[in-house]
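Colleague: Now for the letters of each chain:
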Amino acid sequence: MPDLLLELFSEEIPARMQRRAAEDLKSAVTNALVERGCTYEAALAFATPRRLALHIVGLPARQPDLREEKKGPRVGAPQQAIDGFLKGAGLSDLSQATIQSDPKKGDFYIAIVERKGSATQDVIAEIMPEIIKTFPWPKSMRWGKLSGEPNALRWVRPLHSIICTFGSETETPEIVPFEIDGIKAGDITYGHRFLAPGPIHVRRFDDYVSKLEAAKVVLSTDRRKDIILHDAKSLAFAQGLELIEDDALLEEVAGLVEWPTVLMGSFEERFLDIPPEVIRATIRANQKCFVLRKAGSNTLANKFLLTSNMIAKDDGATIISGNEKVVRARLSDAKFFWETDLKVKLEDRLEKLKSITFHAKLGTQHQRVERLIALAKELAPLVKADVRKAERAARLCKADLVSEMVGEFPEVQGLMGRYYAQRQGEDASVAIALEDHYKPQGPSDRIPTNPVAIAVALADKIDTLVGFWAIDEKPTGSKDPYALRRAALGVIRIILENTIGLPLLQHHINADLLAFFHERLKVYLRDKGARHDLIDAVLGIDAGNDDLLLVVKRVEALDAFLSTDDGKNLLAGFRRAANILKAEEKKDGVIYQSTFDASLLKEPQEKVLGDILSVATRHAADHVMRQDFAGAMRELASLRPAVDAFFEAILVNAEDAATRKNRLALLAAFREATRTVADFSAIAG
Amino acid sequence: MTDALNPKTSFQGLILTLNRFWAEQGCVVLQPYDMEVGAGTFHPATTLRALGPKPWRAAYVQPSRRPKDGRYGENPNRLQHYYQYQVIMKPSPTNLQDLYLRSLYAIGIDADLHDIRFVEDDWESPTLGAWGLGWECWCDGMEVSQFTYFQQVAGVECSPVAGELTYGLERLAMYVQGVENVYDLNFNGLDGDDRISYGDVFLQAEQEYSRHNFEAANTEMLAQHFKDAEAECKALLDFGAKGERHLMALPAYDQCIKASHLFNLLDARGVISVTERQSYIFRVRELAKACGEAWLKTEGGGA
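Protein chains in written order, with my numbering: chain A, 1 to 685; chain B, 1001 to 1303.
Read the hints as simulated data drawn from the structure, not as lab findings.
One or more of the hints may lead you astray.
Claimed, not checked - Derived list of chain B stretches under chain A, where covered just means 3 residues or more per stretch with a C-beta under 8 Å from a C-beta of chain A: (1) 1090-1099; (2) 1152-1165; (3) 1288-1296.
What the hints assert, rightly or not - Taking lysine-lysine and the DSS-like style, the derived pairs with C-alpha atoms no more than 30 Å apart in a straight line are: (4) B:1054 to A:139; (5) A:474 to A:522; (6) B:1054 to A:345.
Computed from a predicted model, the values in this text were never measured in an experiment.
Ideal placement from N, C-alpha and C gives every residue a C-beta, glycine not left out.
I would like the entire structure built from these sequences, with the hints used as guidance.
Modeller: What follows is the structure in structure tokens.
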């Protein structure tokens, strides 16, 4: 069975796009082949900085033949219909069609169209240009002379050459002939940009991989990663150090080299005074290098590992010294910032916040801090935080924004606040709050657990939400420039994961913003596997639904209740009552209220229901007050025998109008009773 | 080669070597534009010539002013006035990457010894309404150039696409000369008493302009000048738009450049709030777009 080798050779592909692009190429080509009847045994895709490659194993030599029956008009149909049939089936006259008899419909024409399958090679040549032209790069570009033409080819960076060969192991594969914007598919590739730049003639995947390897190109990203990791670890080990592993960085670095060569550089010990996070952030973000720690300790070493793409004539001495120079310059900046920053106390920076606009309509950062102080003090008792510490933390929480370090590396905001607070002898929980009040930054980020940090974190997010709501800058569709969804999710996670009862409506949040919280809560709970309809049922009861912790407890209790027999039957009883009410209310054009007249209840079953209904409702409400939702549900469950008996024996639509009305009111009272825990009408199933 | 012209020992030698190299590739070697700009891209030889169907190849040094980057001459790597070397080739030639690497070789960066890399960096200029895809070019971990295939300039699709190379000359020179402080660069390549350093030429200027940019520049006047430049740009565009052809794209574009620099000065003085900032950028972009459209109606723009 023949194999396909495809390579698209271009200028440097962004590291972050390579893996996805290889997979996209694989699925685009295999899908197009399978659609045309060419199934395959296996497919493997690869990417390096300069190429995407695809190897498809076990394709048929030819596309299977196609046999299709086309039904035509009945014998003796008008000429027009017959002509249309002949044209559609590609026949020149009726003698080429066969006649089929049908007991009901009589005789009619049938055309049997047989299409010979094409050679797979031709199928590939036909599908490739379209696949390349419509390739789903996240961002693509035009280039060169042809870029002025309409429908010019777009690729991630200029595409230079294409390999496309097809054939079995026992024969010399052939070039699949196609051309796209002047680039002809062939069997030539190129090796490493500097170490083996010449053209390489390849036949199939096997010699492709080995010839590339000889030309200093490691085709597989995972193998490049293994090489880097292995070499990094052994270089570290030889120096008594340990690599600080960083998967995201490893993946990126593997996408920047075709021939990874790991080298170790060092920087002056004096830079180790800088907080390790800053050293790591600097070296990682700007230089894409790994940092190291002393074996068996948490102390950073004054070394770093760089991954070059070269085997240099001087064994890398020049490369190392160049990288060291850049690292030194970066760390000098960082050290200067650090030392300059330590000379100024955090509270002395507050004045500067007056010159920073938070948002034109929401004032300066200084005004924002004033709001955070007030809000953190208000929230502190609810989260069991020391009010004075919460106030202090809120006062200082934005001070590091005007520090040199954060000006240079915005990603260390908060973290630097913590360091500076520790250095100036602030209370430990205040220092923690300065870092943690920004958290969580996303669904996987950790949440603050220190009470002072919780108070300031909640204040920070609630102030943001309330502020942007007030100036009508709410998220719309995919647009959320102020990350308000993330802020709301942050509040939700902090509240739920720390089990904090916080009635939002009592803390500056209005009904519209509460609805936004409810939307985010639904998304959050659904991701956790909660039933969507139960969330709606609980949120459908206004009283208490601004306390998100209670909402979740209610959902859990409701879920547990509905899985019991009592719960199921009560739900059935509710539905029966609700359906009757709905029908009668429609008929009468009124909404029945739960104010029934006990003196009009005559039959024992309705009397019993009337009696226990008011008791059970009151008890259920008491349980809800105590946040004992399971207890409230038990109370409602106690109604079940009475409800069942009522429906068994009582005709709601009694002849006597007053009796009928009173019975409907009784049902309305039952409906109302269920609303002490949830809106049962929202429950599905 | 004398020391004065050696790109590895002389700042001016580096510039002259690049001029010679790109002249050999058919570029017209232009002189800097005689206005204050933030980058070589603002030179009309790039911004306007990148638009329209006519082929174009140019190379030039452009003094670039970034008022906010001033450090009173105290930072070894940051300047509020520095030099960019700019190359623009339209349409982008197939071997532009190779040409770039050969230019590095010409100034003494031997690919056998160094680790040269093309690292993703998508370029965007909100004030010019321009974007392109390309890379930062790294030499041993240091960014020494910016390499961009322009896709859009002044809000207009580039057709055909131009390739742009921008070398940060001071940084490149520091690397090839092996110095760690920009003011220590040898400017004229000579030794002893004859040696003139970058600091001899520019240190005082950095100190004075830092004071100017951060402390002294009259912000009311700058704001007024911004308005004036904006109004003049629009007036010139109107004046030149009387017939089929546009008659005043270049003078109008000068006013756009002016507005852009005035905005940078106001920004350095710290008197622009976050939202105002957006509005200033938007206003400059609108000027750039209008100038780009006008350019397309001139002979140079292919009309």
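Colleague: Tell me the hint numbers this structure goes against, listed in increasing order.
Modeller: 3 and 6
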